[in-house]
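4 protein chains.
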Amino acid sequence: MEAFGRKETGEETVHGIARNQLRAFIERIERLEEEKKTLVDDIKDVYGEAKGMGFDTKILRKVISLRKQDQDERMEQEAILDTYLQALGMVPAAEEA
Amino acid sequence: MEAFGRKETGEETVHGIARNQLRAFIERIERLEEEKKTLVDDIKDVYGEAKGMGFDTKILRKVISLRKQDQDERMEQEAILDTYLQALGMVPAAEEA
Amino acid sequence: MEAFGRKETGEETVHGIARNQLRAFIERIERLEEEKKTLVDDIKDVYGEAKGMGFDTKILRKVISLRKQDQDERMEQEAILDTYLQALGMVPAAEEA
Amino acid sequence: MEAFGRKETGEETVHGIARNQLRAFIERIERLEEEKKTLVDDIKDVYGEAKGMGFDTKILRKVISLRKQDQDERMEQEAILDTYLQALGMVPAAEEA
Numbered sequence: 001m002e003a004f005g006r007k008e009t010g011e012e013t014v015h016g017i018a019r020n021q022l023r024a025f026i027e028r029i030e031r032l033e034e035e036k037k038t039l040v041d042d043i044k045d046v047y048g049e050a051k052g053m054g055f056d057t058k059i060l061r062k063v064i065s066l067r068k069q070d071q072d073e074r075m076e077q078e079a080i081l082d083t084y085l086q087a088l089g090m091v092p093a094a095e096e097a
Numbered sequence: 001m002e003a004f005g006r007k008e009t010g011e012e013t014v015h016g017i018a019r020n021q022l023r024a025f026i027e028r029i030e031r032l033e034e035e036k037k038t039l040v041d042d043i044k045d046v047y048g049e050a051k052g053m054g055f056d057t058k059i060l061r062k063v064i065s066l067r068k069q070d071q072d073e074r075m076e077q078e079a080i081l082d083t084y085l086q087a088l089g090m091v092p093a094a095e096e097a
Numbered sequence: 001m002e003a004f005g006r007k008e009t010g011e012e013t014v015h016g017i018a019r020n021q022l023r024a025f026i027e028r029i030e031r032l033e034e035e036k037k038t039l040v041d042d043i044k045d046v047y048g049e050a051k052g053m054g055f056d057t058k059i060l061r062k063v064i065s066l067r068k069q070d071q072d073e074r075m076e077q078e079a080i081l082d083t084y085l086q087a088l089g090m091v092p093a094a095e096e097a
Numbered sequence: 001m002e003a004f005g006r007k008e009t010g011e012e013t014v015h016g017i018a019r020n021q022l023r024a025f026i027e028r029i030e031r032l033e034e035e036k037k038t039l040v041d042d043i044k045d046v047y048g049e050a051k052g053m054g055f056d057t058k059i060l061r062k063v064i065s066l067r068k069q070d071q072d073e074r075m076e077q078e079a080i081l082d083t084y085l086q087a088l089g090m091v092p093a094a095e096e097a
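Residue numbers (the UniProt record's numbering), protein chains in the order written: chain A, 1 to 97; chain B, 1 to 97; chain C, 1 to 97; chain D, 1 to 97.
In short, the hints are calculated from the structure, not lab data. Honestly, I wouldn't trust all of these hints.
Identical copies look the same in the list; a pair holds intra-copy or inter-copy alike.
[As the list claims (entries may be wrong)] DSBU-like, lysine-lysine: derived pairs with alpha carbons at most 35 Å apart:
no.: 1; residue 1: 36; residue 2: 51
no.: 2; residue 1: 58; residue 2: 37
no.: 3; residue 1: 36; residue 2: 58
Put together the whole structure using the sequences plus the hints.
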């Protein structure tokens with residue numbers, strides 16, 4: 001499985017490492033990481049813009065996160081949470097069924 | 001600073017929230033998050049490919065991280081680390097200067 | 001500010017590092033980290049026990065997190081979230097005031 | 001497996017939740033979390049103290065992390081890293097064997 005020691009392929013090696021191959025992998029990863037960083041900055045910018053228009057960015061993040069969840073599952077989780085909070089006296093109890 | 005309650009602009013509002021504006025922000029963020037996820041997957045794929053060619057991906061990550069650092073700073077940090085490790089007997093001591 | 005090179009104190013030094021002092025710091029940190037690890041395991045065990053009694057651990061974590069927040073702030077955040085979700089059609093709209 | 005609806009045990013329930021049991025779990029977790037927070041602060045304090053004596057805390061963290069690793073494994077990882085860095089021209093090349 002080792003890709004080292006391929007002097008036979010004409011690839012220059014250092015201590016048996018295919019130098020160009022290593023360099024190519026590193027550069028591909030760095031390029032992708034750079035693109036990712038740009039996107040992360042873009043996302044931050046959009047939140048900044050939304051904030052400038054009066055939206056609450058913490059709540060926006062929560063909305064984004066909720067939209068990834070299945071709606072039925074989310075409703076069910078909310079229902080269980082309410083039950084726990086009521087049992088702990090952390091919210092006004094709904095009427096007993 | 002609040003962007004709410006702009007019935008005057010013709011924007012449909014719900015409880016004073018500019019519905020279309022909110023939706024636009026959410027959709028922009030979700031699109032960017034989707035692109036980011038694709039890049040994260042791409043990066044994972046390149047590491048996978050490198051691993052398939054015999055490279056050690058943990059070390060590759062270390063190399064990527066070291067390349068982001070200033071070389072002089074890196075050398076200096078390594079030197080301090082060596083001194084600490086020698087003081088703790090964790091590496092063979094170099095000759096005393 | 002440097003505490004190195006204190007040969008005058010009788011402390012054995014390696015490359016100017018006070019060996020015993022370094023060792024003492026390392027050992028104190030490792031002992032505390034060990035205690036922390038034990039607590040992290042204990043917490044995991046309690047969640048496991050709660051799960052065994054039929055509680056939903058994900059919701060328990062949410063409850064713990066909510067209890068750290070100020071109740072008024074929490075209620076306000078919930079209200080804003082609801083408004084956003086309604087604007088996006090993600091929950092049945094409450095009656096317009 | 002559900003521990004709810006145990007009216008028969010005399011435990012007060014809210015919507016079928018054993019209120020005291022829930023409260024007990026929450027309190028045990030909160031107490032452990034509190035102890036954990038104290039330890040995290042203690043660890044931070046020790047690093048602060050070490051820094052005050054002239055030690056480099058970033059390097060101390062690295063030392064702690066290295067001590068958790070197996071020494072042979074660590075040496076081997078360092079050797080592979082060196083080979084990669086040499087192949088990339090990031091360190092002066094050792095003599096070719």
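Hint check results:
1. 36 to 51: both (23 Å within a copy, 22 Å between copies)
2. 58 to 37: The answer is both: 21 Å in one copy and 21 Å across copies each meet 35 Å.
3. 36 to 58: both (22 Å within a copy, 20 Å between copies)
Consistency with the previously given hints is maintained throughout, with no hint failing.
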